[in-house]
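Throw the hints in and build the complete structure from the sequences for me.
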Amino acid sequence: MDFIVYISNFMIPLIIFYIVAIGISNKVPVYDEFVKGAKDGLKTVVGILPTLVGLMVAVGVLRASGFLDFLASLLSRPAGVLGLPAPLVPVTIVRMFSSSAATGLVLDIFKQYGTDSYIGMVASIMMSCTETIFYTMSVYFMTVKVKKTRYTLAGALVATISGIIASVILARFL
Amino acid sequence: MLNYLWAAMLLLGIVWGAINGNMEAVTNEALDSAKEAVTLCITMLGVMSLWTGLMQVAQAGGIIESLTKKLNPFISFMFPEIPKKHLAREAIATNFIANFLGLGWAATPAGLQAMEQLDTLNTNKGVASNAMCTFLILNISSLQLIPVNIIAYRSQYGSANPTLIVGPAIIATLISTAIGIIFAKIMSKQTYKYKG
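Protein sequence lines, in the order shown, are assigned to chains A and B.
If you're matching positions, the first sequence starts at 1326 in my numbering and goes up one per residue.
If you're matching positions, the second sequence starts at 460 in my numbering and goes up one per residue.
Because the hints were derived from the structure by calculation, they are not lab data.
Treat each hint with caution, since some may be false.
[To be verified] With a cut-off of at most 30 Å between alpha-carbon atoms, the simulated BS3-like pairs for lysine-lysine come out as follows:
(1) K1368(A) / K648(B)
(2) K544(B) / K1470(A)
(3) K1473(A) / K644(B)
(4) K544(B) / K1473(A)
(5) K1361(A) / K1470(A)
(6) K543(B) / K1368(A)
(7) K1436(A) / K494(B)
(8) K529(B) / K1352(A)
(9) K494(B) / K1364(A)
(10) K1472(A) / K544(B)
(11) K648(B) / K494(B)
(12) K528(B) / K494(B)
(13) K644(B) / K1470(A)
(14) K1364(A) / K648(B)
(15) K648(B) / K529(B)
(16) K543(B) / K1473(A)
(17) K1368(A) / K528(B)
(18) K1473(A) / K648(B)
(19) K644(B) / K1364(A)
(20) K544(B) / K1368(A)
(21) K494(B) / K1368(A)
(22) K529(B) / K1472(A)
(23) K529(B) / K543(B)
(24) K544(B) / K584(B)
(25) K544(B) / K528(B)
(26) K584(B) / K1472(A)
(27) K1470(A) / K494(B)
[Said to hold, decoys possible] Cβ pair distances, simulated, as ranges:
(28) K1368(A) / W465(B): 22 to 32 Å
(29) Q1437(A) / V586(B): 22 to 32 Å
(30) I1486(A) / G626(B): 46 to 56 Å
(31) Y1343(A) / P539(B): 25 to 35 Å
(32) K1470(A) / G617(B): 44 to 54 Å
(33) V497(B) / K1473(A): 23 to 33 Å
(34) A637(B) / K1352(A): 40 to 50 Å
(35) K1368(A) / G617(B): 15 to 25 Å
(36) R1402(A) / N583(B): 33 to 43 Å
(37) I1486(A) / S614(B): 23 to 33 Å
(38) A1411(A) / T582(B): 42 to 52 Å
C-beta atoms are modelled at their ideal positions from N, C-alpha and C, and glycine is treated no differently.
What follows is the structure, encoded as structure tokens:
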């Protein structure tokens, strides 16, 4: 644990050090280049702001209406067939929409069932091997104004579901 | 597709909220979420421009080029339609590297650049190309090797062994990514037949 925290504390400063050191040694005008690149970053963020507002409002409305809870209770029986414990169903669904909301639910699970319980383990592994499908898809596709996403959603769901099944199985060995 | 999804989320949420008497919560949440999106963007402005600035320096220093070379065999396998030395390769390589390292905030700008580059190769604008589908499926299948955030939360909530999940998390990530790759490969072969 200490080692990994140590490494992850070092990772970002080391990356910055490496990039700047290599740049200077290759006689790159590092500061000029940095400013040029930073300007692109600003443009990117400003560009995704409207998408983000639209998406977060839609997810917020859906969550506040109580629909996500209803969906979770509806899906708890088929989820049981996969071996997914019922308390994890809302996390699985919310995970597809919002990473931070899913993190909030996972922390609730840690509090209620313990980090090292079976449910806590499945939640930990599942969060590590999945991504927010709808957020990623809408932000990425809206940047290039793609409306027909073809088999992307199907592929994303297949990958996510296999990750969830793998988490449920792998947690049994711990 | 996204138009319908977005409309469905909003309409369903409003109708559901009305039936269940949650209209006040829905109203507050709609306004709060819009505010939260702006707050998030303001936080992201700093981090994003720091990262894209550093990436510009890395590119000028030749680091990205050498990393892209190392990832090239994999990129060629996944995206056979991208010409050699196309800028899309660099953006894809940067996005993958940031994902491996778990730098989610850094993966997004590179990912968006990759999409823009892939769009220059797209002959049918407005419709996702095979490369775009594959790229998105790979990103969503999660490429992160060490789940730093989850480890931190686990130790914060009193786990006896917070890193116990690292091994299983890597295996689960490999499984979901492998299945995503197989799916993307099968689908891109199939659609080739129709497009000719």
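Against the structure, the hints come out as follows:
no. : hint                           : verdict
1   : K1368(A) / K648(B)             : violated (36 Å)
2   : K544(B) / K1470(A)             : holds (25 Å)
3   : K1473(A) / K644(B)             : holds (19 Å)
4   : K544(B) / K1473(A)             : holds (28 Å)
5   : K1361(A) / K1470(A)            : holds (25 Å)
6   : K543(B) / K1368(A)             : holds (28 Å)
7   : K1436(A) / K494(B)             : holds (29 Å)
8   : K529(B) / K1352(A)             : holds (23 Å)
9   : K494(B) / K1364(A)             : holds (24 Å)
10  : K1472(A) / K544(B)             : holds (28 Å)
11  : K648(B) / K494(B)              : violated (44 Å)
12  : K528(B) / K494(B)              : violated (42 Å)
13  : K644(B) / K1470(A)             : holds (24 Å)
14  : K1364(A) / K648(B)             : violated (39 Å)
15  : K648(B) / K529(B)              : holds (26 Å)
16  : K543(B) / K1473(A)             : holds (27 Å)
17  : K1368(A) / K528(B)             : holds (28 Å)
18  : K1473(A) / K648(B)             : holds (18 Å)
19  : K644(B) / K1364(A)             : violated (36 Å)
20  : K544(B) / K1368(A)             : holds (25 Å)
21  : K494(B) / K1368(A)             : holds (20 Å)
22  : K529(B) / K1472(A)             : violated (33 Å)
23  : K529(B) / K543(B)              : holds (14 Å)
24  : K544(B) / K584(B)              : holds (22 Å)
25  : K544(B) / K528(B)              : holds (10 Å)
26  : K584(B) / K1472(A)             : holds (9 Å)
27  : K1470(A) / K494(B)             : holds (24 Å)
28  : K1368(A) / W465(B): 22 to 32 Å : holds (24 Å)
29  : Q1437(A) / V586(B): 22 to 32 Å : violated (45 Å)
30  : I1486(A) / G626(B): 46 to 56 Å : violated (21 Å)
31  : Y1343(A) / P539(B): 25 to 35 Å : holds (32 Å)
32  : K1470(A) / G617(B): 44 to 54 Å : holds (47 Å)
33  : V497(B) / K1473(A): 23 to 33 Å : holds (30 Å)
34  : A637(B) / K1352(A): 40 to 50 Å : holds (43 Å)
35  : K1368(A) / G617(B): 15 to 25 Å : violated (43 Å)
36  : R1402(A) / N583(B): 33 to 43 Å : holds (42 Å)
37  : I1486(A) / S614(B): 23 to 33 Å : holds (29 Å)
38  : A1411(A) / T582(B): 42 to 52 Å : holds (47 Å)
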